[in-house]
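Given the coordinates of chain S, work out where chains A, G, B and H should sit on it, guided by the hints.
Chains as they are written, first to last, in the numbering used here: chain S, 1 to 136; chain A, 1 to 501; chain G, 1 to 257; chain B, 1 to 385; chain H, 1 to 423.
These aren't lab readings, by the way, just hints derived from the structure by calculation. For clarity, every value in this text was computed on a predicted model and none was experimentally measured. Every residue, glycine too, gets a C-beta built ideally from N, C-alpha and C. Do not take every clue at face value.
[Said to hold, decoys possible] Capping the alpha-carbon separation at 25 Å, the derived lysine to any residue pairs in SDA-like fashion look like this:
#1 H:163 with H:218
#2 S:68 with H:253
#3 S:68 with H:69
#4 S:25 with A:34
#5 S:68 with H:55
#6 S:68 with H:26
#7 A:346 with G:254
#8 S:68 with H:72
#9 A:423 with G:230
#10 A:423 with S:128
[As the list claims (entries may be wrong)] Chain A stretches covered by chain B per the calculated footprint, using a threshold of three residues with CB under 8 Å from any CB of chain B:
#11 213–226
#12 322–333
[To be verified] Label pairs and their in silico Cβ distance ranges:
#13 G:168 with A:249: 30 to 40 Å
#14 G:168 with B:65: 43 to 53 Å
#15 B:292 with A:146: 54 to 64 Å
#16 G:196 with B:349: 22 to 32 Å
#17 A:138 with B:65: 51 to 61 Å
#18 A:80 with G:196: 28 to 38 Å
#19 A:279 with B:269: 12 to 22 Å
#20 B:180 with G:19: 21 to 31 Å
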Amino acid sequence: MGCHLCEVHCLTEHSQSRHVVRAHKRERPRALARVRVEEALPLTLAIQCHQCDEPMCVFACLTGAMQKDPETGIVTSDSERCMGCWTCIMVCPFGALRRDTARGVVAKCDLCAHLVTPACVAHCPNEALTLVDVTP
Amino acid sequence: MKSYLASRFVVLRDQERCIQCRVCVRQCGYDVHACDQEAGDVYSSDDRCVGCHRCVVFCPTQALSVRENPLSYRANANWRPEAIEDVLRQAETGGVLLTGMGNDKPYRIYWDHLVLNASQVTNPSIDPLREPMELTTFLGAKPEAVTLDPETGALGTQMPPQVPVDVPILFSAMSFGSISLPAQESLARAAAEAGTLFNTGEGGLHRSLYPFAGNAIVQVASGRFGVDPEYLQAGRMVEIKIGQGAKPGIGGHLPGEKVSAEVAATRMIPIGTDALSPAPHHDIYSIEDLRQLIYALKEATQYSKPVGVKIAAVHNVAAIASGIVRAGADYIAIDGLRGSTGAAPKVMRDHVGIPIELALAAVDTRLRQEGIRHCVSLIAAGGIRNSADVLKAIALGADAVYIATAALVALGCRVCQMCYAGKCSWGIATQNPYLTRRINPAIGARRLANLLRGWSHEIQEMLGGMGINALESLRGNRLHLRAVGLSDSEMRVLGVRPAGE
Amino acid sequence: MSDHHLPSSELDQEIDAHGVYYRDLNARIRQAVERRPCQRLVLRHVCGQRYIGTGLRSRVRIEIHGTPGNDLGAFMDGPTIVVHGNAQDGSGNTMNSGEIIVHGRAGDITGYAMRGGRIFVRDGVGYRAGIHMKEYGERRPVLVIGGTAQPFLGEYMAGGVVLLLGLNLQASEPHRTVHVGTGMHGGVIYVRGAIEDWQLGREVGRAELEEEDWVLVAQLVHDFAGHFGGDPEAILSAPFVKLFPLYLRPYGNLYAY
Amino acid sequence: MRGTSTRNNPYGDGKVIDACSIFGVMDVTGRPFSGDRAIAAIACMHERGNGLGGGFAVYGCYPDFPDWYALHVMYMEYDVREHVEGYIGGHFQLHLAEPIPTRHVRTISDPPQLWRYFVSTTDHPLAGEEPDDYVVQQVMRINTRFRNAFVFSSGKNMGVFKGVGYPEELAEFYCLDEYRGYIWTAHGRFPTNTPGWWGGAHPFSILDWTVVHNGEISSYGTNRRYLESFGYHCTMETDTEVVAYAVDLLVRRHRLPIEAAASVLSAPLWSHIDRDSSPRSTLLRALRQVYPSLLLNGPFTVIIAHAGEMIGLTDRIRLRPLTAARRGPLVYLSSEESAIRLVDPDLDEVWTPLGGEPIMTRVLAPGEGLPGPQAAVRPLGGGTR
Amino acid sequence: MTRYLIIGNSSGGVGAAEAIREIDRRGPLTIVSEEPYPAYSRPLIARYLAGETSIERMAYRRPEFYHQNDIGLVLGQRLVRLDLESRHTELDDGRLLPYDRLLLAVGGAPIVPPVEGLHEHEFFTFATLDDARRLAARVHSGQRAVVVGGGLIGLSVTEALVKLGVHVTIVELAPQILGRALDAAAASMVLRAVEEAGVRVLTSRTVVRVLGGASGADVRAVELDDGTALPCDLLIIAIGVRPRTEAMAGTAIAVQRGIIVDRHMATSCPDVYACGDVAEAYDFVAGGNRVTPIWPNAYLGGRIAGRNMAGVDTVYSGGTAMNSLHAFGLSIMSAGTVDPPPGEPAYETLLRDERAKGTYRKIILLGGRVVGMIFAGEVDRAGIVFGLMRNGTPVDAFAERLLADDLGLLSLPAELWQQMVRA
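With the rest of the complex left out, here is chain S (with noise of 0.2 Å):
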């Protein structure tokens, strides 16, 4: 519907404060939603990673920093071996990712891996968003 608050939530969960205001107003750079909501109105999407099964981001990945976990499907990038080509931007065809200008390296959702339910999932005041399984 467009509120945004994914990205909020999500912003403030890849903070360092975790505190939606301290994450917005405090903190320098200020850490990345990895949620985007895109408005053709009157519709809005959010835009995410989508955790694909054939992740072209892992495959252009050229310093092997972004993987896919096998265990839980969870298309990662480790920021220590990110070098901020941005080759896995390129290829998503979702435009999923964004720059870390700030860090160098890519921002993308990792579904919250730390906790059950992810922050956009849990602050989405219409259920637009919900956290599907699709392991097979």
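Chains A, G, B and H only, in chain S's frame:
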């Protein structure tokens, strides 16, 4: 023209907490909030605020609050601010003052002067959690007596069509058009889940809601929008809408801008044309004409479903109800002074009609005096706010109640009374596709079903307290009501004794 | 379809309605239409029975001899009803599709809220004929009146076509109806003969017929003559005027927000 | 004002609301005929009523006593008759008193005692110059003073026969097959309550004015208070009553022609009056200005009858139906055409009048020819057809 | 059990190994690498040179990768001979490795042009970690370097050298830098950034002679074709790579510029596959085989080869030239045909040139489909366009929208994005 009106609300933004996420900007249907891209801050235009709290609720940092504008007028018991502002508004526009929702004037709310009974010592109260407790209500005309087949001893009476509801609470008519499709779908799904009925209003039944037609009361109103044989066949009951509590005696008017493609398809009118519902049905100018339409609908549905009539509570409502019974209606819905609407002239909403409590009591009493109470079910509407109101209505004589405002409040409505504007930030009273998406019917249905479940539990508790385990034992049982702070004449109309007597 | 009698066949049925209570009559009609294949149903000695054809969804042709009661063909979806006599009030009420052909006059609110189908009335109609007619998608209802109409013709009209022929007027005798098209916000009314501005609702404009109007009117006049006889060319040779809604939203400025 | 009003209206409604089927038939030659047609026709419109009231007015039914007022009285209690008869005896010259003949009808339950008294006022010491005024006064007095008695017919050579039941049942009950009249009006009632009160049925009458009515008069409160200032007691609290009194006031007391009275009751719209440049518009304007309180607003069709006259009238925007028809000397008025067709299939003409346009039929003067097509008298307001 | 042999331990080889192991956990799998390191990220060698990363952090796969996947790793050995008949390969040390399925992922070798005096002096190429280590050992702040070649490798080494305080001059034969990846306009954006970083760029110039210093192999200067001499302390040759096809000489494996493979990444010989910089594989833009020495293409080609080697019939959708350049603070992505051949009316160019604001977008259409793109500036959603290009999606109806700032999935027709989201 320069407006002389001051803003009604003040929007307070705690800049310390505001993270410029612009959730408020996007959530407000009235464009109260805006973002200054250059300065990077968010600011508010208070004069547009309707006090719906959408931004307040959705602000992730609780940075927002909305207050009534503390602007003071010189005290005047006669020229109160509302009177002054109404005059100003009309001086600026020359128009009819429009408003939404129900009467907000301080007419006496009789529910709040009626108290319920409970058992002590002489009879036991019942524990509804463990003991049986029946709320099922059958809507439809009942024969005067049961006859047995002399041969077989089996039932001889041909029963008129009966529609059971698991809770005596139905969703009142709200058309697709006046409310959004997701809002109506929420009602439909909740009705199906809770075992009750929703009412299409005069807007037809959207294709996507046909799966819920078994829980639909399909309304036939003067504009006949969306009415065709399929629609009539689909519904569980058919309702002829004569009037509504918020605007007795006048028709409806869905402005063309709300007639979207989907609304148009459902009403079966071209996109963007005004949907005018005339004040009267032009085939009903008299009571025998009502009978004619009732039987036309029964013919069209082969006498398979109850055909009811909804009227506004007006002065001679008892006599009118009597006539409606005699015209062959299977149920009568009476909508009181505090009944709501998507749009009504303010002057009608606030000054026409009588409270539902008095109307209901009068009708029930009259029909009993005439010996025709069994011929109809009575549905009371207009101002039911909680389960106690439901139970009091039943004790006054209703078979069931209609709720609408309470249902919309469950979906987020703050009763801001701006439904007619079509900008409802809660996605309820709007056809703007950006706004209507705010209601996820799955969530809406859950909220509504929760409400009904909660009320239903409370009703069972209260019934148990009275030592009653079947709702029908309370129907019209005014001995379980007592009045507090009412005049003799009010108690006479209500048929209720004063507390302590 | 002209009103010639179809050859009698086993698909024809006949009911003598004399003294039959309307509910029984309509039950028999439904039975005839639904349970047995019936293309043509002749009702004789009809006198005031209501709801004939009401809610019926079928392609059957019902021929009525006598005076049918109110709400003839209400909510009807498909049948053709031919009345050999006058029709009373409420014919074609909220009708969806089908045809009603009245060899006589019809009463008040003929075609109320009709959404589709066609009504042809040989003579005049009562008050508020064509009130709140509407159209939707492919459905464009048509009401053709051979005689004159009483006031409030096409009130609230939201769609469809009304053709008023005034065939019973003397040459140059004006129509007497008033409040024509009051509240009209859709559809079109064609009037043959003289009608003055004061006879029209405030929301109604008048115009000359254009080519496409003539095509439609000519078609309807031919159909009318097919049903009732008469010379279509003679009918068409008189002056016509086209009435249309001036505003799609007649009450747009009524409210203060 | 006790007794009848609470009987008719035991629930104290602002007014009793009812609606109905109406029918009237008249032979303009004044030749009496049986009630078969009226009874069959009103029965044909059975669906428009609900069995809670029906009645007939028959003109010319007492040819043997043409100059005596025929008072039809219903007694709801046995005792009261003695008192009322004493009163009648004391205020009129009583020529004949007899029970109204009735027969048992299964569906007609618990009828009141029904009596009729043929009276005159001639030489009565209390009657003044205007015997009709005197009769009206006495009828009003009986109806308000005696709790359980009610005069429901008081004209000369005419009678009202009404009660609770379907009209065809009441015809049977009142043995109407034994009467003949040159006007028959009939009513099938659909009231919104069931007082079980015979006086509440139509026709309503005062003297020989009778009214049968279909619809509801929304201006009732205004009309009633106006009429009360002229001494009419609206004992019934039904809207139909005011029609009878209004006609009595306008035609009998104010001596207006019935056409003018029709233009008061069903006044033309100001826009119509303003467009009329003839002298007639001055009259219409004055009628509306003087009698605004007698404008009958709301949906109605009435058939008003009077010695030698039958008038059909609808409201200004014709919210209730009325069909008129004629065959030879017979003129019909009916809620539905089918009712006329039932009793007279081959009519010379059938039409529906415009709103506010009265259809007036009079007994022909000697030598006068039959009326031509649609020979209704136009309303003064210049209604359009 | 099938025995798999992979020659080459970069992205193609790893991609194949991973694909094989997704299907076949048991068949013996051996990877042979000429280099002494487990797979590392070749593109990171510039970072290494700049001192921004370490050999450990450059690992392309975690150290446990080979063990966990039961892969035999042979390091420091070059393929010297192929025996297709007996299905053996011979390595430097004379070892014979048998195979049932063979993948040739031996990559490319830097092209070294015939320049007078070049081989007499010390010069550097920049393709391997060892190249970088060699250079790193020689570089220090304040030196002057000449980088021959203004392509991606040239720029990446330049950036590293600049970070190390080296004064760099780029000599590019073509009239513009990055001529293969970018059009002139986009290249000018890079040029500006490069020059702002203090780098001198000489285009339409070439080195004709290397001039030595007093002591042995040291470079003193290079002489350009216009006769000018550029004094320098370091000379880096970065003008591209060529497929290393020498070991295939004499075999039946069909070779043109590179080893020709079909859509299954199979060579002309049974059970022999090839991928990566050595292969001439399907290019979906060209519609035919081309050498596209691009890391992601190598991985993907390897992956396809691996699947087919393990018996799962899989078709290579193709690769094309594509680059995500992030250098000197600029982000530029390009792919496919970035400069349509002049005078070809079949091509349509959609252009949004706001270079002043740092934005440049160009989309080349052919037959209503995207065949080339350049995104500079905001590039986060360039992948959507690349996806359309790769899928050959007809974009006529909405192509203009792809240039908009708010480019997103919702810029696509509803049926398209709905299908994507559902999948």
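Okay, the hints, checked on the actual structure:
1. In summary, the hint linking residue 163 of chain H to residue 218 of chain H is supported, as the alpha carbons are separated by about 23 Å, within the 25 Å threshold.
2. Among the hinted pairs, residue 68 of chain S with residue 253 of chain H is inconsistent with the structure: their alpha-carbon atoms are about 35 Å apart, more than 25 Å.
3. For the given pair, residue 68 of chain S sits about 15 Å from residue 69 of chain H by alpha-carbon distance, which is consistent with the 25 Å threshold.
4. Our distance criterion of 25 Å between C-alpha atoms is met by residue 25 of chain S and residue 34 of chain A, whose separation comes to about 19 Å.
5. Straight-line distance between C-alpha atoms of residue 68 of chain S and residue 55 of chain H comes to about 23 Å, which keeps the hinted pair within the 25 Å bound.
6. Under the criterion of a C-alpha separation no larger than 25 Å, the hint pairing residue 68 of chain S with residue 26 of chain H is consistent with the structure, at around 22 Å.
7. A threshold of 25 Å between alpha carbons decides the hint, and for residue 346 of chain A with residue 254 of chain G the separation of about 13 Å falls inside it, so the pair holds.
8. Simply put, residue 68 of chain S and residue 72 of chain H have alpha-carbon atoms about 23 Å apart, close enough for the 25 Å limit, and the pair holds.
9. For the given pair, residue 423 of chain A sits about 56 Å from residue 230 of chain G by alpha-carbon distance, which is inconsistent with the 25 Å threshold.
10. The suggested pairing of residue 423 of chain A with residue 128 of chain S holds, with an alpha-carbon distance near 21 Å, which does not exceed 25 Å.
11. Under the rule that three or more residues need a Cβ within less than 8 Å of chain B, the assignment of the segment 213–226 of chain A is violated, with 0 such residues.
12. Restraint check on the segment 322–333 of chain A versus chain B: 5 residues with Cβ-Cβ distances below 8 Å, three needed, restraint holds.
13. Taking 30 to 40 Å as the suggested C-beta distance range, the pair residue 168 of chain G and residue 249 of chain A conforms, at roughly 38 Å.
14. For the hinted restraint 43 to 53 Å between residue 168 of chain G and residue 65 of chain B, the CB-CB distance of approximately 48 Å keeps it satisfied.
15. Checked against the hint of 54 to 64 Å, the pair residue 292 of chain B and residue 146 of chain A passes, with Cβ atoms roughly 56 Å apart.
16. The beta-carbon spacing between residue 196 of chain G and residue 349 of chain B, approximately 27 Å, falls within the hinted interval of 22 to 32 Å.
17. The beta-carbon spacing between residue 138 of chain A and residue 65 of chain B, approximately 60 Å, falls within the hinted interval of 51 to 61 Å.
18. At roughly 50 Å, the beta carbons of residue 80 of chain A and residue 196 of chain G sit outside the given window of 28 to 38 Å.
19. About 18 Å separates the C-beta atoms of residue 279 of chain A and residue 269 of chain B, a value consistent with the hinted range of 12 to 22 Å.
20. For residue 180 of chain B paired with residue 19 of chain G, a C-beta distance near 26 Å keeps the hint of 21 to 31 Å intact.
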